[in-house]
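Peer 1: Here is how the chains run, residue by residue.
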Amino acid sequence: MPAQQYIKHPWVNGLPPALEAPNLLQIEEGLDLAYAGGRWLGTDRGALSAGVVSGMAVTAHTPNDLSVAVAAGVVSIAGSRYTYAGGNLAITGADTTQERWDVVEMFYNTGALAVATGTGALAASIPDNAFAGFTIPLAAIYRPINQQFVAPADIRPFSKLARDPLSLDDQGQTGGAIILYVRTNPKQIYTLTSNVTGVSSWMGSYGQELTLIFKQDGVGGRTLPAAGSWTNFKFADTISNTGNTAGKYWIGNFINDNGPWLQVGDLKQWF
Amino acid sequence: MPYTKNQWVNGTTPAINAPDLLKIEDQMDLNLARLRWHMLDEIYGPHGVVTPGTGALCSVSQSTVPGQSVLVGSGEYRVNGYRMFTNGGTVAMPAAHATLPRWDVVVGGVAILSYVQGTAAVAPSIPDNPDPFTWVSFGLVYRAPNDNVISTGEITSFSKLIPDAMLTDAFAAAYTPNAINHNQHKMVLTGNVTSVAPTNSFVGAKLRLVLQQDGTGGRTLPAAGSWTNFLFADTLTNTGNTANKYWVGEFLYDGAKWVQQGRLNQWVY
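Those sequence lines, one after another, are chains Y and F. For the first sequence, the numbering used here gives the first residue as 43, with consecutive numbering after it. For the second sequence, the numbering used here gives the first residue as 7, with consecutive numbering after it.
Hints in this document: simulated from the structure, not taken from any laboratory. Think of the CB as a built atom: it goes at the ideal place given N, C-alpha and C, for glycine as much as any other residue. Careful: at least some of the hints might be erroneous.
[Unchecked claim] Derived pair list, reagent style EDC-like, types lysine to aspartate or glutamate, alpha-carbon separation capped at 16 Å: (1) Lys-212(F) x Glu-251(Y); (2) Lys-29(F) x Glu-70(Y); (3) Lys-251(F) x Asp-299(Y).
[To be verified] Simulated restraints, written as ranges between beta carbons of each label pair: (4) Gly-214(Y) x Lys-263(F): 41 to 49 Å; (5) Thr-134(Y) x Ala-176(F): 47 to 55 Å; (6) Thr-273(Y) x Ser-201(F): 34 to 42 Å; (7) Thr-253(Y) x Thr-205(F): 27 to 35 Å; (8) Ser-236(Y) x Gly-231(F): 30 to 38 Å; (9) Thr-273(Y) x Asp-153(F): 23 to 31 Å; (10) Asn-235(F) x Leu-164(Y): 51 to 59 Å.
Modelling step: build the complete structure from the supplied sequences, incorporating the hints.
Peer 2: What follows is the structure in structure tokens.
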């Protein structure tokens, strides 16, 4: 979750809660989280996906000390994939007289974890992103005055999720009239167990990319239809079934122009 | 109710009282809800309301005859990569709670407009997205107790706006695609292109150019010498540039040159 859900103060007998200092503190923290979310999470790198694909949860170290544990996971960094093995990250000691907020972050360009250490204050705010556009936030950490360890309750999940840029969607074994469901993954592989009689797609969007991979099964000889049996595909090359022996691959790359899929580059046919 | 800030009087901070607290909490709830609803995106693909131009697409508004339903305007949106388009329609909202207020969210899914009903409470919160990978939020609706006539003042815009994956550039004879905001650009040629010079080039940038002839055709691209800092592996040609034909090329910037990747597909389909 990017930021924890704020629980409003309960009213009693139809009356709003008395406004007390602890309420104000909670409200200010909630506002700060919301504002920091906008600053940290609102920055994206153009059309490139960036964020956590899986895992990467930040938790308190056991036993609690001046570090946090970051779970293994996968992140998407500027359209590339980076796998983190998991580990501990040291946190700067707490201020002895003032509270503070820190942010655990991962850098786009190196995949390195770091801590953005906030500024101590009597009513501290979550620090700004000093490298906006180049880091992925993983969690905000509240640092109580002179508490020289990080407790579980001090950690606020604070991450943006992203799709996996490298995953390949295995559509299994098929043939006949194939309908491409391009939502789930722009890279799809089909193992042909019979001849393909037609290819069409469902809800491709403007500018969407598609890498289509066909693989011959252990028998081979499965054929692809001529371009005329591909609905809304525009080919620069002639589709060939030459060399379609067992285990061979066929790869085509396409881009969608609000309807037609345009071949990009050349087709790699049965290699 | 949708939040309105306290007005200052004669430059003096307004006194804080319990109703102010309610408004402050509403505002905070809205911002945190926006994060919860809008930042969980791109698990499978783009997620949100597509904004190719201007205008309130997929916007939520009061029904023509105010009642227990709202109108959703036409527009294109993405549900985790699915391309969806709604011609607009009516969403029948659930009945208001008899004694307590509530927040509901108007949403779009795959080929469906719907709502997510919140929990009624004396101080209600905006509900969470029960399935962040299925629902795209369009608008918030505050539901006053026992009020089944939804009015404009109770509707708040609440959609995440996303750009198209490919930027449509207006025709320019001196073509200057901006490398930093999109890595895919399309331009329909309504005249001859005299030069191509990407702006904001950076090391590692990728650029895919999709050029299409208009309905007239015969529009020409310049020779390689008029492409600023391009390194072509193929020879540029205008052969076959008849009406509606496409030209697709991919390039990678190495810090000095836009190096051609793969093969150019020039006016062949």
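Peer 1: If a hint holds in the structure, say so; if it doesn't, say that too.
Peer 2: Hints and how they fare:
1. Lys-212(F) x Glu-251(Y): holds, 14 Å
2. Lys-29(F) x Glu-70(Y): This hinted pair holds, its Cα atoms lying about 13 Å apart.
3. Lys-251(F) x Asp-299(Y): Status holds; Cα separation ~12 Å.
4. Gly-214(Y) x Lys-263(F): 41 to 49 Å: holds, 42 Å
5. Thr-134(Y) x Ala-176(F): 47 to 55 Å: holds, 51 Å
6. Thr-273(Y) x Ser-201(F): 34 to 42 Å: Once the Cβ atoms are compared, 37 Å apart, the range 34 to 42 Å for Ser-201(F) and Thr-273(Y) holds.
7. Thr-253(Y) x Thr-205(F): 27 to 35 Å: holds, 29 Å
8. Ser-236(Y) x Gly-231(F): 30 to 38 Å: violated, 51 Å
9. Thr-273(Y) x Asp-153(F): 23 to 31 Å: Taking Cβ atoms as reference, Thr-273(Y) and Asp-153(F) lie about 49 Å apart, which means the hint is violated.
10. Asn-235(F) x Leu-164(Y): 51 to 59 Å: At roughly 54 Å between Cβ atoms, Leu-164(Y) and Asn-235(F) fall inside 51 to 59 Å, so the hint holds.
Going through the hint list in order, the structure does not satisfy hints 8, 9.
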